[in-house]
Every structure is written in C-alpha cells, then in structure tokens.
Amino acid sequence: MQEAKILSAKFAIKNSNKLTVAKKNGAYQTLDKLFSSKQGEVIEVVKNSGLRGRGGAGFPTGMKWSFLPKGLDKPVYLAVNADESEPGTFKDRYILALDPHLLIEGIIIACYAINSHDAYIYIRGEYTTQRIVLQEAIDEAYKAGLLGKKVGKQNYRIDITIHRGGGAYICGEETALLESIEGKKGQPRSKPPFPAVEGLYACPTIINNVQSIASLPWIIQNGAMAYKRYGIESATGTHLFGISGHVEKPGVYELPFGLPLLDVINEMAGGVWKGRKLKGVIPGGSSCPILTPEEAATATLDYASMAEHKTMFGSGGIVVLDETVSMPELTLNLIQFYHHESCGQCTPCREGLGWMEKILKKILGGDAETKDLNLVRELCDNIEGKTVCVLAAACTMPVRALLDKYRDEFEALLKPEPASATTEAPAEQE
Amino acid sequence: MSDRSKLIATGKPFKFDKKYDTEFERLVKRYPSRESMILPALWLVQEQEGWVCEEAIGYVADRIGTFASKVYEVATFYTMMNLHPVGKYHICVCRTLSCWLRGKQEIVNYFRDELNLTPGKTTEDKKFSLEEVECLGHCGSAPVLQINGEFYENMDVDKVKKLLATFK
Numbered sequence: 001m002q003e004a005k006i007l008s009a010k011f012a013i014k015n016s017n018k019l020t021v022a023k024k025n026g027a028y029q030t031l032d033k034l035f036s037s038k039q040g041e042v043i044e045v046v047k048n049s050g051l052r053g054r055g056g057a058g059f060p061t062g063m064k065w066s067f068l069p070k071g072l073d074k075p076v077y078l079a080v081n082a083d084e085s086e087p088g089t090f091k092d093r094y095i096l097a098l099d100p101h102l103l104i105e106g107i108i109i110a111c112y113a114i115n116s117h118d119a120y121i122y123i124r125g126e127y128t129t130q131r132i133v134l135q136e137a138i139d140e141a142y143k144a145g146l147l148g149k150k151v152g153k154q155n156y157r158i159d160i161t162i163h164r165g166g167g168a169y170i171c172g173e174e175t176a177l178l179e180s181i182e183g184k185k186g187q188p189r190s191k192p193p194f195p196a197v198e199g200l201y202a203c204p205t206i207i208n209n210v211q212s213i214a215s216l217p218w219i220i221q222n223g224a225m226a227y228k229r230y231g232i233e234s235a236t237g238t239h240l241f242g243i244s245g246h247v248e249k250p251g252v253y254e255l256p257f258g259l260p261l262l263d264v265i266n267e268m269a270g271g272v273w274k275g276r277k278l279k280g281v282i283p284g285g286s287s288c289p290i291l292t293p294e295e296a297a298t299a300t301l302d303y304a305s306m307a308e309h310k311t312m313f314g315s316g317g318i319v320v321l322d323e324t325v326s327m328p329e330l331t332l333n334l335i336q337f338y339h340h341e342s343c344g345q346c347t348p349c350r351e352g353l354g355w356m357e358k359i360l361k362k363i364l365g366g367d368a369e370t371k372d373l374n375l376v377r378e379l380c381d382n383i384e385g386k387t388v389c390v391l392a393a394a395c396t397m398p399v400r401a402l403l404d405k406y407r408d409e410f411e412a413l414l415k416p417e418p419a420s421a422t423t424e425a426p427a428e429q430e
Numbered sequence: 001m002s003d004r005s006k007l008i009a010t011g012k013p014f015k016f017d018k019k020y021d022t023e024f025e026r027l028v029k030r031y032p033s034r035e036s037m038i039l040p041a042l043w044l045v046q047e048q049e050g051w052v053c054e055e056a057i058g059y060v061a062d063r064i065g066t067f068a069s070k071v072y073e074v075a076t077f078y079t080m081m082n083l084h085p086v087g088k089y090h091i092c093v094c095r096t097l098s099c100w101l102r103g104k105q106e107i108v109n110y111f112r113d114e115l116n117l118t119p120g121k122t123t124e125d126k127k128f129s130l131e132e133v134e135c136l137g138h139c140g141s142a143p144v145l146q147i148n149g150e151f152y153e154n155m156d157v158d159k160v161k162k163l164l165a166t167f168k
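Going down the list, the protein sequences come from chains G and L.
Residues 1 to 430 (our numbering) make up the first sequence, in order.
Residues 1 to 168 (our numbering) make up the second sequence, in order.
I should point out that these hints are in silico values taken from the structure, not numbers from a laboratory.
Please note: incorrect hints may appear among the correct ones.
As the list claims (entries may be wrong) - Looking from chain G toward chain L, a few residues come up when the C-beta cut is under 8 Å (computed):
#1 R124
#2 S244
#3 A299
Unchecked claim - Under the rule of at most 30 Å between Cα atoms (straight-line distance), these lysine-lysine pairs were calculated in the DSS-like manner:
#4 K74(G) x K29(L)
#5 K153(G) x K38(G)
#6 K18(L) x K149(G)
#7 K249(G) x K18(L)
Where is the CB? At the ideal position from N, CA and C, for every residue including glycine.
Go ahead and model the full structure; you've got the sequences and the hints to work with.
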C-alpha cells in the first residue's frame with residue numbers, strides 16, 4: 001500500500017511554507033488557467049470531480065457552491081473552517097503548518113468560483129504556531145500580488161483574514177462559526193435560512209473545510225476526470241487519514257478512498273502496538289460509532305461502507321483501541337468532552353449530557369444498578385434529534401454503540417441486584 | 001468545570017500598549033462590523049497581560065463601541081480566555097481520547113505528586129499553572145502538552161521532568 005500524495009506532496013519539503021519554495025514546487029500554477037475560465041466553468045469542474053466536504057459531513061462541495069442565490073446585490077463571503085477540534089482529528093493542521101500556500105491558492109480558486117472577495121479563515125485558538133505560519137504565508141502572498149486588490153489577469157480582489165477561535169469545539173459547526181466571527185458566543189443558528197442564502201453578516205456565505213479547499217488546486221490543474229481516478233465512484237479523490245491511539249506508527253497518511261480499514265491500520269500505521277489484540281476502531285473522529293474487530297474487518301474507508309456498518313466516515317480520524325481499554329472509562333472520557341463543549345443553548349444537550357456523565361461516574365464507582373445503565377441508553381434516545389445542532393447526537397451516537405456492543409463490560413461494574421421482597425415464589429402445584 | 005462567570009478587578013485602568021493598539025487598528029479594518037473585533041481584541045488583551053481582567057472588558061467595549069455585557073458574554077464563553085492570572089508557564093494537558101489512550105493521566109499524576117499542582121491551580125511561586133484541556137488536535141503525537149502556546153508532543157513523565165528543568 002502506498003500513499004497518493006496530492007495534498008501532502010510538499011509536506012516533506014523543507015521550508016515548504018515559504019512562498020519561493022512552494023512556488024518552485026508547483027504552487028499558484030493554476031491561476032492563469034483559473035482566471036481564463038468562467039466562474040460557472042470552475043464550479044462545473046469541482047462538481048464533476050465528485051469532491052465531497054472533508055470536514056466530516058461529506059456534502060458535495062460543488063453542489064454547496066451552487067446553492068448561492070444568483071443576482072443578489074450583497075457581498076458573498078467564504079469562511080474556511082480551520083476549527084479542527086473533533087477528538088481523533090488532526091489532518092488540517094498539517095496543511096496549515098506545512099503547505100499554507102496550497103490553502104491560499106485553494107481560497108483564490110473558491111473565491112473566484114463563488115464570486116467572493118472576502119475570505120475568513122476561522123482557526124482554532126489552540127493552533128498558535130500554525131496560525132503564525134499561516135499569517136506569514138498570507139503576508140508573503142499579499143506582497144507577491146497573489147492576494148489583494150488585483151489578483152491574476154482579471155485584477156480580481158481577494159482579501160483573506162484569519163479569525164482566531166477561543167477554545168470552543170462547537171465553533172466547528174458552520175453557523176456557530178459564523179456567530180463567532182460576528183463577535184458572539186458560538187451558538188448554532190436554526191436552519192433555514194441556510195448560510196448560502198443568509199450567512200455571515202446576513203450575506204450569502206460558503207463554509208468549506210481546510211482540506212476541501214486545499215484539494216481545489218490539483219483538481220483545477222489536472223481536471224475532474226484525473227481526480228476521479230483516485231478513490232471509488234461514490235467517494236472520489238484522496239483523504240488525509242489521521243491514525244492515532246494504540247498503533248505502532250500513528251500519523252497522517254494520504255490515501256485514496258475505498259481501502260480496507262484494517263489493511264490501512266496494519267500496513268500504514270504498523271498495526272496494534274505492543275503486539276496486543278484489537279478491541280475496537282473509532283473510524284472517523286470521536287462522534288463516529290465504534291466498530292468491533294469483526295465489523296472493522298469488513299469496512300472500507302469510504303462513506304457508503306461506513307454507513308453500511310452503521311457508523312460514519314466523519315473526518316477520517318481513525319482511533320485504534322487495544323485490548324486493555326476499559327470501554328466504560330472510554331465512554332466517560334467522551335461524554336465529558338461533549339458535555340464540556342455543549343454551548344448551553346439547548347436544554348437536552350446542556351443538561352442531558354451532564355446527567356449521562358453523572359450516571360457513568362456512578363457506574364464506574366460501582367454504585368449503579370441495571371436501571372441506571374438502561375437510563376443512559378434511554379437518555380441517548382431522548383436527547384438525539386431534539387437540539388438545534390448535532391453536538392448532542394455526536395455524543396449519544398458513539399455512546400449508544402459502546403453500550404450496545406460492549407454491554408458486558410458495563411454490566412460487570414453493576415451492583416448485584418437486590419433480592420426482591422415482593423416477588424413470591426410460584427405456588428407449588430400438588 | 002470551573003466557574004467562568006466571575007471577573008477579577010485589578011483596581012488599575014487597562015489600556016493597550018502601542019504594539020497591541022497598532023494590531024487592533026490593523027484588524028478592525030478587516031471586518032464590516034466592529035463587533036467582530038470582540039474576540040480578536042480579547043486575544044490582544046490576553047497576549048499583553050496573560051489574562052483578562054474586569055477593567056479590560058470595559059476597555060474593549062469602549063474601543064469597539066459596544067456594550068460591556070457583550071464583551072463579558074464572549075470572554076466567559078470561550079474557555080481559552082483566562083479570567084484569572086495564570087503561572088509564568090501555563091501548562092495545558094490534553095485530556096481527550098487519543099491522549100487519554102496513550103497515558104496523559106500519568107503526566108497529570110506527576111504534576112499532582114511532584115509539584116502539588118492539580119488542574120485549575122497555580123504553584124505558590126506563580127511559576128506553573130495547570131489546566132486539563134479538550135482535544136488539542138495532535139492525536140498522532142499523543143500525549144501532548146501545550147505550554148504558553150508551544151506544543152510538546154509524544155510526551156511521557158521523563159520528558160516532562162526534563163522539560164520543566166529547562167524552565168527558569
């Protein structure tokens with residue numbers, strides 16, 4: 001198995017974040033072609049490439065762009081989602097730090113295609129060193145005339161501004177991200193209206209993930225058909241897979257879609273560490289329901305296969321668990337994350353996740369009974385689908401899978417059932 | 001979770017230094033609405049002082065031309081805003097998923113046992129403060145620490161010991 005280096009082509013090159021080095025290695029070569037094309041043509045190429053959003057939801061990028069209303073007398077904004085915060089996800093950071101010019105070139109392409117002149121990159125506050133590298137790259141691009149008032153032969157204006165987050169996972173949700181740029185708490189908006197119609201500052205807005213945007217230069221340069229040669233029909237191209245947890249060689253690997261999950265874990269990441277047995281795989285970031293070793297053996301790395309296995313492709317952040325992991329403790333670790341990150345807007349999420357955390361602690365403390373375990377399961381069903389955004393579901397979906405697939409581990413922690421006083425022994429028949 | 005509703009007053013007026021004043025003026029031109037500057041301005045406050053005091057909330061509101069309540073709302077929502085002074089070295093240990101799987105608890109225990117430092121606290125000499133934070137996005141090099149913005153990857157107790165010895 002070999003990596004397919006489309007996005008990561010420059011990662012190993014020294015000083016690839018510097019404009020001269022990036023240019024020597026192919027950066028910004030698409031701009032002539034781009035500004036010779038009509039905007040609609042660019043959208044068509046992206047549509048035909050089959051590119052799907054790389055943030056987690058997998059929505060087709062070209063189709064998202066085509067939702068922008070035509071002929072409005074309002075500015076269009078591009079918001080680049082660099083708020084990568086889902087546990088197990090660490091791929092966009094590589095692009096930001098190792099090839100920021102690939103992202104900038106992608107932003108130029110996206111801005112031109114959607115007729116936008118202002119892009120905001122929303123970067124999570126914790127990405128300090130990455131933000132500095134990115135800002136330096138932006139400054140270099142301005143000086144070289146690749147950004148600013150007159151870009152390319154059409155003298156197209158493009159301005160990019162970095163907006164720093166403040167440590168809130170919820171701001172990766174697209175409408176919370178917009179609220180945050182507007183200077184508010186990151187609390188998701190009710191949809192509709194969708195951001196393409198009414199987004200940032202009530203203007204039409206497209207929100208794309210860093211990796212989606214960074215995929216654009218290769219697609220424009222080589223064409224939609226060339227991109228489709230990677231991956232499978234329902235999931236074209238390559239993805240930056242982040243493999244972490246109990247493997248010998250954790251890291252980011254760029255691979256085409258559709259490869260067998262376990263082969264990737266074994267051949268790219270060196271398999272389960274310390275010669276231990278596999279206990280489970282979280283396939284695409286912490287919100288994706290866990291796969292047992294048996295399920296993982298038949299799963300491939302694409303949207304359809306993960307859906308067939310009742311989980312999600314997510315962000316491609318694969319977390320491997322060895323045989324020593326306590327599933328109840330893992331469940332508590334996840335619930336604590338989501339409870340902490342709940343924005344507090346919707347009661348089922350704000351309060352419900354807190355109750356799930358309390359009951360899990362009771363289970364781990366050895367004070368719980370079967371009814372408590374059933375109550376956690378019931379809470380999952382009652383919280384899900386009753387909130388403005390999917391943060392609560394991102395907690396209940398994996399928790400439900402953990403409870404159902406590893407139930408014996410939770411049951412082993414329960415207090416023995418008290419002998420019921422009301423149950424009478426069946427009358428003996430003479 | 002610690003109480004993030006209380007602000008601490010220093011009793012002294014707050015003002016941006018020249019460096020941060022210039023940065024504020026550069027950034028404010030990038031947005032069509034001045035209120036977008038609330039979070040960026042709070043970041044500038046924190047870079048200058050290390051934390052956000054009550055006086056800074058009013059100052060930021062005045063600079064932007066908005067209500068102090070709006071600035072307060074943002075400052076208390078975003079957990080990276082320090083609402084109290086932190087140590088000279090502010091240590092954030094990632095507590096989530098992959099860092100948990102690869103031994104973050106041993107590192108947290110080390111701080112507790114050796115430095116008498118638990119999450120949310122600062123050492124008496126004000127040199128170190130500790131915080132357990134959610135996923136830092138470095139899962140492939142877990143466990144990870146972030147100290148004053150710098151990342152320290154693939155950590156273990158031995159590496160932490162050596163690292164702390166370099167902090168004067």
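For each hint, the structure was consulted:
1. R124: 7 Å, holds
2. S244: Cβ of S244(G) sits 4 Å from chain L, so the hint holds.
3. A299: 19 Å, violated
4. K74(G) x K29(L): 19 Å, holds
5. K153(G) x K38(G): Given pair K153(G), K38(G) holds - Cα atoms ~13 Å apart, limit 30 Å.
6. K18(L) x K149(G): Distance of about 28 Å is within 30 Å: holds.
7. K249(G) x K18(L): 47 Å, violated
Checked against the numbered hints above, the structure breaks hints 3, 7 and satisfies the rest.
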